[in-house]
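Please work from the sequences and hints to get the whole structure.
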Amino acid sequence: MAKEKKFYLTEQGLERIKKEYQDLKNLKLSKTKGEIPKIWQSEDLNPEYLSFQEDLSFLETRIAELENILKNAELIKPPPKERQNVVNLGAQVIVEVDGQTDEFTIVGTLEANPALGKISNESPVGRTLLGHRAGEEVVVSSSIQTIYKIKKIKYNIS
Amino acid sequence: MKELLNFFIEIGKLKRKKRRGWVAHQIKNPESTAEHIFRMTFLAWILGRKKKRFNLERVIKMALIHDLCEVYALDLTPYDPLLPKDKKKIKEILKRWPRFTPDLKIKKYKSKYKSESRALDKLLVKLPPNLKAEIKNLWLDFEKGLTKEGRFVHQVDKVENLLQGLEYWKKYGKIQHKLWMRWIKEWLDDPVLLEFIRVVDEKFHKKETKI
Chain A
1 MAKEKKFYLT EQGLERIKKE YQDLKNLKLS KTKGEIPKIW QSEDLNPEYL SFQEDLSFLE
61 TRIAELENIL KNAELIKPPP KERQNVVNLG AQVIVEVDGQ TDEFTIVGTL EANPALGKIS
121 NESPVGRTLL GHRAGEEVVV SSSIQTIYKI KKIKYNIS
Chain B
1 MKELLNFFIE IGKLKRKKRR GWVAHQIKNP ESTAEHIFRM TFLAWILGRK KKRFNLERVI
61 KMALIHDLCE VYALDLTPYD PLLPKDKKKI KEILKRWPRF TPDLKIKKYK SKYKSESRAL
121 DKLLVKLPPN LKAEIKNLWL DFEKGLTKEG RFVHQVDKVE NLLQGLEYWK KYGKIQHKLW
181 MRWIKEWLDD PVLLEFIRVV DEKFHKKETK I
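Line by line, the protein sequences give chains A and B.
Oh and the first sequence: position 139 is 139 in our numbering, straight run, nothing missing.
Oh and the second sequence: position 201 is 201 in our numbering, straight run, nothing missing.
Treat the hints as calculated values from the structure; they're not laboratory data.
Be a bit skeptical, because a hint or two may be false.
Cut-off 20 Å, straight-line C-alpha distance, at most; resulting in silico cross-link-like pairs (DMTMM-like, lysine to aspartate or glutamate) [as the list claims (entries may be wrong)]: (1) B:K144 with A:E122; (2) B:K144 with B:D75; (3) A:K154 with A:E136; (4) B:K158 with A:E122; (5) B:K144 with A:E136; (6) A:K19 with A:E74; (7) A:K118 with B:D86; (8) A:K118 with B:D121; (9) A:K151 with B:D103; (10) B:K107 with A:D102.
One-sided and incomplete, this derived list gives chain B residues near chain A with beta-carbon spacing under 8 Å [said to hold, decoys possible]: (11) N55; (12) R96; (13) R182; (14) E186.
One side only, chain B facing chain A, incomplete, derived with CB under 7 Å [said to hold, decoys possible]: (15) K170; (16) K174; (17) M181; (18) L188.
Glycine residues also receive a C-beta, built at the ideal position from the N, C-alpha and C atoms.
Okay, structure coming up:
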């Protein structure tokens, strides 16, 4: 049987998923219990009815997706002090690329948002940085090679 | 029906809206937002077929609506707010990939989100409630990457940008293609799209690889 994918989440990310899961379950309950539009019993194609139908099927898919995430979630914890000089999940990494400085936080795919500097551990850059120490240079290759010099590593996971 | 017609007239404006990033690169007759949406939808649909348990209808709709806000909102580029009006200065800025401090990244992100969300609300205001809700829900998913489909389509958007950038580089040589290849490796983590990028890289940089 194929191994299920692990979802690495910060505490904040895990709380957000748990809250969304609970909210959606409550919403589904209220919809299926009593807050069904009157048109439910009618054959008229009322837009509200269609919208409800659509939302419910999307709601169920989303609830199932969140259940799978929660089942396979792994909390990102700061490594012990002696390992905090190595890039791991949750690390804030200051790098130098082509003479320019940038700062990334390495997160799991669900929380990645490069526009905010949150790089996925499954992206070529995130993957390459993992396991390296401050002062080291890592090469992200393809036909074009890019050198990232690791200047500093910090852990401030919330 | 009248409201729908007005909506179609409004989104038709995207056929003539030139993408600002390519205008800044002084590309002759650059693509419009609608042209970007056109190919991006194909990429999302066809590459999305390689994904397991994927809601392709959602993927296609999301690709179609992802830039509708640009009817009223500015089409922001990675270089904003650095782009000056002076063409010579623009050339200098485009030589390097824009890097921002964490605080500025947050500021830029929030301001983009706010202006695009407002613009989309303005566009959708007279549509039937269920359609309005559906489009807004799809856009939120695209922007925030709430579902696996949302995260995928968000990355497909970047892939289409890269592909267009490499095509312009081949044709006009005005694009810093190496910077774009580097950028995409910070953005993508989807295995199907990473494999696609490997093929793109091979096609566009074949000669350079041989050297």
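Cross-check of the supplied hints:
With a CA separation close to 18 Å, the supplied pair K144 (chain B) and E122 (chain A) stays within the 20 Å bound. Between the alpha carbons of K144 (chain B) and D75 (chain B) the distance comes to roughly 18 Å, so the proposed pair stays at or under 20 Å and holds. Proposed proximity of K154 (chain A) and E136 (chain A) is supported: the alpha carbons are some 15 Å apart, at most 20 Å. For the proposed pair K158 (chain B) and E122 (chain A), the alpha carbon gap of about 16 Å is at most 20 Å, so the pair holds.
For the given pair, K144 (chain B) sits about 33 Å from E136 (chain A) by alpha-carbon distance, which is inconsistent with the 20 Å threshold. For a cut-off of 20 Å, the pair hint linking K19 (chain A) to E74 (chain A) stands: about 17 Å separates their Cα positions. Among the hinted pairs, K118 (chain A) with D86 (chain B) is inconsistent with the structure: their alpha-carbon atoms are about 33 Å apart, more than 20 Å. This hinted pair does not check out: K118 (chain A) and D121 (chain B) have alpha carbons roughly 28 Å apart, beyond 20 Å.
Distance restraint check for K151 (chain A) and D103 (chain B): the Cα-Cα separation of roughly 19 Å lies within the 20 Å cut-off, and the hinted pair is therefore satisfied. For the given pair, K107 (chain B) sits about 16 Å from D102 (chain A) by alpha-carbon distance, which is consistent with the 20 Å threshold. Look at N55 (chain B): its Cβ gets to within about 7 Å of chain A, closer than 8 Å, so that hint holds up. Using the Cβ-Cβ criterion of 8 Å, the hint placing R96 (chain B) at the interface with chain A is satisfied: the shortest such distance is roughly 7 Å.
Of the supplied interface hints, the one on R182 (chain B) holds, with its beta-carbon coming within about 5 Å of a beta-carbon of chain A, less than 8 Å. With its C-beta approaching chain A no nearer than about 5 Å, E186 (chain B) sits inside the 8 Å limit, and its interface hint holds. Hint status for K170 (chain B): violated, given a least beta-carbon distance of 14 Å to chain A, over 7 Å. Violation of the interface hint for K174 (chain B) is found here, the shortest Cβ-Cβ separation to chain A being roughly 18 Å, above the 7 Å cut-off.
Taken as an interface hint, M181 (chain B) checks out: its beta carbon lies about 5 Å from the nearest beta carbon of chain A, inside 7 Å. Given hint, L188 (chain B) at the interface with chain A, holds; its Cβ is 6 Å from that chain's nearest Cβ, closer than 7 Å.
Of the hints listed earlier, those the structure fails to meet are numbers 5, 7, 8, 15 and 16, in rising order.
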